[in-house]
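Undergrad: Go by the hints and put chain V onto chain Z.
Number of protein chains: 2
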Amino acid sequence: MGTVVALGGQVGGAKLAEGLYRLRGAKLAVIVNTGDDYEYLGLPISPDVDTMLYALAGIADANKGWEPAGESYGCHGMLTRLGGPVDVPLGDRALALQLLRADALRTERSPTEITLELAQRLGIEARVLPMSDDPVRTIVHTESGAISFHDYFMDLKCEPAVRSFQYGGADEARLSDAALDALHAPDLEAVVLVPCNPYHTLLPMLAVNGMRAALRKRGAPVIAVSPIIGGRALQGSAAKMMQELGREVSARAIAMEFHKLIDGIVIDSADQALAEGIRASGIEVLAVPTFMRNADDRLKLARAVLDFARAVRMRREIAVDA
Amino acid sequence: MGTVVALGGQVGGAKLAEGLYRLRGAKLAVIVNTGDDYEYLGLPISPDVDTMLYALAGIADANKGWEPAGESYGCHGMLTRLGGPVDVPLGDRALALQLLRADALRTERSPTEITLELAQRLGIEARVLPMSDDPVRTIVHTESGAISFHDYFMDLKCEPAVRSFQYGGADEARLSDAALDALHAPDLEAVVLVPCNPYHTLLPMLAVNGMRAALRKRGAPVIAVSPIIGGRALQGSAAKMMQELGREVSARAIAMEFHKLIDGIVIDSADQALAEGIRASGIEVLAVPTFMRNADDRLKLARAVLDFARAVRMRREIAVDA
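Protein sequences appear in the order of chains Z and V.
All letters in the first sequence, in the order written, are residues 4 to 325 by our numbering.
All letters in the second sequence, in the order written, are residues 4 to 325 by our numbering.
To be clear, the hints were calculated from the coordinates, so they are not data collected in a lab.
Note that CB positions come from ideal geometry on N, CA and C, so glycine has one too.
Possibly wrong hints are sitting among the right ones.
Taking CB as the label site, the calculated pair distances span [stated by the list, open to error]:
#, chain 1, residue 1, chain 2, residue 2, range
1, Z, LEU183, V, ALA164, 31 to 41 Å
2, V, GLY87, Z, GLY234, 46 to 56 Å
3, Z, ASP158, V, GLY86, 54 to 64 Å
Examples of chain Z residues toward chain V, derived with CB under 10 Å [claimed, not checked]:
#, residue
4, LEU44
5, ALA99
6, LEU102
7, ALA105
8, ARG124
What the simulated footprint calls covered on chain V by chain Z, stretch by stretch (three residues with Cβ under 8 Å from a Cβ of chain Z suffice, anywhere in the stretch; the number is not a length) [stated by the list, open to error]:
#, region
9, 83-95
10, 119-126
So here's chain Z without its partners, still in its complex pose (with noise of 0.2 Å):
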């Protein structure tokens, strides 16, 4: 058993996190996107990385995965009487984190350090790891102008049409020596894109100086799993958003903006049909059930991947053999 390392973010991706953590315990390093991060009211947020962190310490609401189960709105509601600012539905056991971070920003410690003894405050085993710790901002690219990711999400409700995504920061930011080190792991078993969004979840990651390099070096078969399922976004707007960049929406799609990145994908049985086009271009396939609806899903979801990335290594190795 392994190093297994995960990157990405988002509630579905914070699933299948969950199943592979269930499987590899301290093995496991998550790499989060944290070009979402925002800062409401002075206190810095970083949606995917608390989403993360409540996923792995099992107290994730089971409906709305990104805040904490029996989440109550005694701040909110006090900042709606005293007018504002309540764009952020930000609840009082969230709270609780965001203080905690920023309490220990304040204190100059890195975002890595800080998420870490988060992680351990929460029980969690696994390494959750920023994916830097310099800011990157996710800027969307609109029809009607450029607009930070938190703003294209809470204020426009991702309507506008996306033109394109920048990754503002990506350039000078590198990746943390802790998610480094876990890439490096001499253990490696794989690397699993966890299903999320792939234009500002997965994309500013691979932006992060030192990541695409980490990748390539190849310690272990890379596997993404893809987030679109029969040409439908479960969750959030990567459907929509692959309409509007022209892309076709299917998990073929999500496989070539991964190309020479990834070695296989994971798809859903409901896409079996693109397997050959996909295997084509160089990728190997699986197809699987792949909606996590309970633990049970999560848990057969993560064993099915880590299951392929074993033989996709067999193979290559049997084909560096010969």
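TA: For chain V alone, coordinates are given in the frame of chain Z:
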């Protein structure tokens, strides 16, 4: 109907201020102690100011006047799960105020401006004014060493015997312009020291640069209201502190703390027997029921205080004319 200035803090003080507010509305200015302020998770907490805001906004909890009614503890619960710090039981609604204050302070606005804005957001027409925009921190010298009032209160539960108080920074702290303006109002009708702990609420205020001078100008009668009834403090540690400082625990001793600063004192009917002794020291006395159980009691006491102040003023004017 002239301007009334209330000085003080704490729950009892806020109750009388609320009564005064119902009588004078926008003509009331409340100058509030900030010597008990502290930081919690990087948030600047101003307990006396917040208690006053809740009271005047009519949203204070009926029993726990230092917090808003309907308070919840979602954030505190999560902080507990995260391993603290949880020494301050800060509620979710209170957090909204703290976050707005912290955020406003980062924009370099003064505590006075920020407090006035918070009051306005809460629909309060009276001016609520921190005593100074400069920091003052009350230090309690106890038998076991010196400690901030906040730590004395929260960590030590006010247990070690007090020897003396020190108002750190008060020498350099300047009474705010807004507080000075209120005390110099041409139509100043009365200055009321609301019932609260002398040692860590009123005396730090009197120690601020400019406060004693402004009171000594005698633009209007200065009236204290005793927080001691029948030899006991109804709330808080005033009686305990008086004992430890070697004072008699009585309304008379309260009058003596403010000797030469106040023109009159309102004591409880139960302490009627002390009136003559207090008058002998040149301080006028009104003995009425001072225990405030409800809004009606608060209004009644406020009216009695202002009537008393008017009588004191008239007697003084008569004396001058004679």
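Undergrad: Taking the least C-beta to C-beta distance, is Z:LEU44 closer than 10 Å to chain V?
TA: holds, 5 Å
Undergrad: Count the residues of the region 119-126 of chain V with a beta-carbon closer than 8 Å to any beta-carbon of chain Z: does the count reach three?
TA: Three-residue rule met by the region 119-126 of chain V, so holds; n is 3.
Undergrad: 54 to 64 Å was suggested as the range; check whether the CB atoms of Z:ASP158 and V:GLY86 agree with it.
TA: The hinted range 54 to 64 Å is violated for Z:ASP158 and V:GLY86, with Cβ atoms some 35 Å apart.
Undergrad: Examine the region 83-95 of chain V: at least three residues should have C-beta closer than 8 Å to a C-beta of chain Z.
TA: holds (count 5)
Undergrad: So, as I understand it, the hint says Z:ALA105 touches chain V; can you test that by seeing if any CB pair is closer than 10 Å?
TA: Holds, about 6 Å.
Undergrad: Please verify that hint: Z:ALA99, Cβ, nearest Cβ of chain V, below 10 Å or not.
TA: holds, 4 Å
Undergrad: Please check whether Z:LEU102 passes as an interface residue: C-beta within 10 Å of a C-beta belonging to chain V.
TA: Nearest chain V Cβ about 5 Å off; hint holds.
Undergrad: Is the hinted range of 31 to 41 Å satisfied by the C-beta distance from Z:LEU183 to V:ALA164?
TA: violated, 58 Å
Undergrad: Using the nearest Cβ pair, does Z:ARG124 come within less than 10 Å of chain V?
TA: Holds, because the Cβ-Cβ distance from Z:ARG124 to chain V comes to roughly 4 Å (cut-off 10 Å).
Undergrad: In this structure, is the beta-carbon distance linking V:GLY87 and Z:GLY234 contained in 46 to 56 Å?
TA: holds, 48 Å
Hints 1, 3, counting from the list given before, are not met by this structure.
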